[in-house]
Structure formats: structure tokens, C-alpha cells
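So the sequence lines, in the order shown, correspond to chains A and B.
Position 69 (the first sequence) corresponds to 69 in the numbering used here; numbering is contiguous.
Position 16 (the second sequence) corresponds to 16 in the numbering used here; numbering is contiguous.
Think of the hints as simulated: they come from the structure by calculation, not from any bench.
A few of these clues could be false.
[Unchecked claim] Pair ranges (Cβ atoms, derived):
#1 A:283 to B:121: 36 to 44 angstroms
#2 B:96 to A:226: 20 to 28 angstroms
#3 A:302 to B:99: 15 to 23 angstroms
Please read all numbers here as calculations on a predicted model, not as lab measurements.
Using N, Cα and C, we set each Cβ at its ideal position, and we do this for glycine too.
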Amino acid sequence: MNDAGTAAIDWMVRLTAGQAVASDHAAFGAWLAADPAHRAAWDRLAGVVEAPIAQLQAVEQRAPGQLRAVQRALVAPVVLSRRRLLGGAAVLVVGGGAGYLAARGLPLAEFGADLRTGTAERRALELADGSALVLNARTAVDLDSGGRRLLLREGELVATVAPADQPFAVRTAHGVVTGRGRLLVRRERERSLAVALAGELDIAAAKQRLRLQAGEGAWFGQGIIERVQAASTASAAWVDGLLDVQDEPLGAVVAALSRYRSGWLRVSPAAARLRVFGVFPLDDVDRALRALMEVLPIRVSGYGSWLATIDLR
Amino acid sequence: MASAETTPQRELHVLYSDHHRWLHGWLSRKLDCRADAADLAHDTFLRAFTSRQLGDINEPRAFLATLARRVLSNFWRRRELERAYLEALASLPPDCMPSAEDQALVRETVIALDRLLDGLPLKVRQAFLLSRLEGLTHVEIAAALKLSVATIERYMKQAFAHCWRAGEEPV
Numbered sequence: 001m002n003d004a005g006t007a008a009i010d011w012m013v014r015l016t017a018g019q020a021v022a023s024d025h026a027a028f029g030a031w032l033a034a035d036p037a038h039r040a041a042w043d044r045l046a047g048v049v050e051a052p053i054a055q056l057q058a059v060e061q062r063a064p065g066q067l068r069a070v071q072r073a074l075v076a077p078v079v080l081s082r083r084r085l086l087g088g089a090a091v092l093v094v095g096g097g098a099g100y101l102a103a104r105g106l107p108l109a110e111f112g113a114d115l116r117t118g119t120a121e122r123r124a125l126e127l128a129d130g131s132a133l134v135l136n137a138r139t140a141v142d143l144d145s146g147g148r149r150l151l152l153r154e155g156e157l158v159a160t161v162a163p164a165d166q167p168f169a170v171r172t173a174h175g176v177v178t179g180r181g182r183l184l185v186r187r188e189r190e191r192s193l194a195v196a197l198a199g200e201l202d203i204a205a206a207k208q209r210l211r212l213q214a215g216e217g218a219w220f221g222q223g224i225i226e227r228v229q230a231a232s233t234a235s236a237a238w239v240d241g242l243l244d245v246q247d248e249p250l251g252a253v254v255a256a257l258s259r260y261r262s263g264w265l266r267v268s269p270a271a272a273r274l275r276v277f278g279v280f281p282l283d284d285v286d287r288a289l290r291a292l293m294e295v296l297p298i299r300v301s302g303y304g305s306w307l308a309t310i311d312l313r
Numbered sequence: 001m002a003s004a005e006t007t008p009q010r011e012l013h014v015l016y017s018d019h020h021r022w023l024h025g026w027l028s029r030k031l032d033c034r035a036d037a038a039d040l041a042h043d044t045f046l047r048a049f050t051s052r053q054l055g056d057i058n059e060p061r062a063f064l065a066t067l068a069r070r071v072l073s074n075f076w077r078r079r080e081l082e083r084a085y086l087e088a089l090a091s092l093p094p095d096c097m098p099s100a101e102d103q104a105l106v107r108e109t110v111i112a113l114d115r116l117l118d119g120l121p122l123k124v125r126q127a128f129l130l131s132r133l134e135g136l137t138h139v140e141i142a143a144a145l146k147l148s149v150a151t152i153e154r155y156m157k158q159a160f161a162h163c164w165r166a167g168e169e170p171v
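My request is simple: use the sequences and hints to build the entire structure.
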């Protein structure tokens, strides 16, 4: 390797360390300009390193989470076992798959979120201020050191707020929920939900504010805050492992169930519109699906395998 | 009578007709899927064709088996990567699922990155990915992997040097 190559590598280490300041960038610019061989070396190195990353970042814009998924795929243990590849296609054994995700507790997956639950994993914990938190499956939360301000990155939580002077706040990408008593916050892709389970709460989103009393709920996001029609205390039933549905579309039910199922549970747009009433077990998704099949005109294909699809019958 | 002129094509033809069925059977036993075995047998013969003077081979089946093992290893590695990616996908919220085209793009990138990083120790690979994929600083990576910042810098240097060797000479 020539000197320009060595220098290019050193520069790349320095500039990606996370501590580069203006003088570093100026010195880099000077190095680049000093000799065409420097530029050529830099282009060669950057070309190899950055091209695949740039492609992934474009996809990440459209579907967040891909960078994390790629990283996990690339550090997963290599298993060259014949048994896992029987049948040719990449099929997960359902039980083993869920165990792999939840039990392994990939330490790297924790990074970037202070608290993260896996598939089919609920977690209850106490915050520094004495507030109690319950996290639904596939939830990621950041905490500040005092524990009174949370960032809900994905998923769903119920907080029982300890009384204190400082307000208790849960922020999502769509707004901020502050309250006392007991509250639920769920973050979905396009909007978030807040429900006052006990006591009042305030929603601040896109220059609007709304106060909810106990038993009331509202969606917020995209510049809108919209009250939920039906009584919403049922929405916290997942804390006890139940999905309590009172006139919701099947699409929403499937979204809730897929947090508890390793693999991919899809629903056709037509089936997703069906209205659902009932109580379903979250810790036994197969049983929940069977119960749904009994009361709705649907069929489930790929039932029990990694990819299951729900369609109108 | 003119001596039979051996060209690479002719040598390959002989190799193929003598040993193709055997190789297909050998691969089938390792794969449980005859269509895959046919594809991989084809890849193996391609490698044989581009590898060396085919007329020099004393033990054609041993030669083919060596090539086939490499082809198999790549095949399993690729399948394992795809499986790991799908598994990681499954842990995402259902409304973050990428389109089929995007999934294909990502899958190809995973395989390309794996090929690029092949040969690096696991910890170096982890550090590199945390830096380039997740944008973590060296301090953050050191905390995540429970290593010193100096070690992370050393790993990054090692990884970039590895990438340099994978890069093309500039025109």
C-alpha cells in the first residue's frame, strides 16, 4: 500500500470517529488538494466503503429500521447446518425463531434505545422517580437520567406516574403527552395514541393542545389531534396479556398480534377492514387467529409458518 | 490423422460429460433440493472452466469436489444471511416493512457487505458496522463493545485497510 493509501485510511478513521472539528476538515481538504494521488486514494477507499451504505440509507428513508436489520444480519452467528436449510427456502421454525430473538437479547440491539423489548416480550419496571412503566412487545424507549421524560421510539407503554413537581412527559415523533395518574401511549408509523387511564393528561402536537379526562383517548400526528370514539381503557388490556378489541378494524388487531409472533403476519386490504369485537390472548397468537377465524369470514394461509397471510374467505 | 487439438472448450466438455452426473448427485446429497444442486453444479463447472488448464487435472472428481465445496459454502452463507435479514425484519413494527424491491436491494447489499468484510474478525466487523451503518462515534462503540477507544480506532483502521485492498486501482 502506498503512502497516499495509508493517509487516506488514517483520514477516514479520524473523520468517522465522531469528534472531528472544523480544523480537522480544513486539514483534510488541504491534504486532498495537495496531490492528485491523494484524491485518487480517497476516492478508491470511499468508493468501496460508502457505496453500499448510501444504497441502504436511501432505503432507510422509505422504511426505517433497515440499517439496524442489516447490521443484525451481518453480525449474526454463522450456522452452516444442513437441517436449517431443508426445503430450500429461508423458513424459520416458529418456536425457535421467537426464542432466538427474545432470549438472545442481542446487546447491540439495545444500543440506540435505553430500553427495548423483543417479540412477545413485555417488561415491567420502576423508574428512578418511583413511576412504574410497562412496555409492550417490540417497544423501544429512551429515558433521561431523572426518569420523568421518556422518548417512545416505537411500540407502546403504560405509565403509572409517581407524584412529583416535575411533569411526567412521554414524547413520540408526533407530539408530547404529559400527565399524572396512569396513561398509555402508543407510537405507530404515521400517528401516536394517548389514553388517560386514570387522571388527566395533556397532548401537545403541532401547535395544538388537548386535555383528556380519565377514560378518554386521542390520536395525534400529521398536524391533527383526534379524539377516539369508543371507550379506550380496554386498550391497556395488553398489560395482562389480553387484546381487548371493541369495534376496531382487523388490520389494527393484526398489528397488535404481530408484536407477539415471530415472522410475518400479513392481512389483505379487504380483510383488514373487517370490524372486530372480542378478547384475544396475546401470548398465544395461534389461538387468537383461530378465534378470529371462527367469527370472521377470513382464512389464514401459511398458518403456523413464518409467513402467514389473512384473506377474505 | 491429426492429433486431437485440446481447447479449453473441449476439455470442459469432456469434464462435463464424464463427471456432471456424479457431481449433481454429490451436491444433491448435501442440499436436499435437486434444482439447487443443478444450479450449483453449473456454477462449479463455470469455476472449473475459468480456473486453470483443465487438461492438467489428475483427479477430476477431487478437483471438482474442492470447487464445489467452495460454491456450497458461498451458497449456505448467502442463505444464512438472507435468513438473518428476514429474522431482523420480523422484529420491526409491521408498518415498517420495506417494499419487495427495497427488500431485494437490501438483501443484495447485505451479501455485498458480507463479501467485503469477509476475513475480518467478528469484533472488527461489529465495530465497522456500528460506525458505518449506525453512525456511532468511537466512544459509543467502545462502550457498546466494552473495549477501549484505542482498540476501536485500531479496528477501524484494520477494517478500512481491508476495504482498501478490496478496492480497484484508480484509473
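Taking 20 to 28 angstroms as the hint, is the beta-carbon distance of residue 96 of chain B and residue 226 of chain A inside that range? holds (23 angstroms)
Should the hint that residue 283 of chain A and residue 121 of chain B are 36 to 44 angstroms apart at their CB atoms be regarded as holding? holds (40 angstroms)
How does the Cβ-Cβ distance of residue 302 of chain A and residue 99 of chain B compare with 15 to 23 angstroms: does it lie in that range? Holds, since residue 302 of chain A and residue 99 of chain B (Cβ atoms, about 20 angstroms apart) stay within the stated range.
Every hint from the earlier list agrees with this structure, and none is contradicted.
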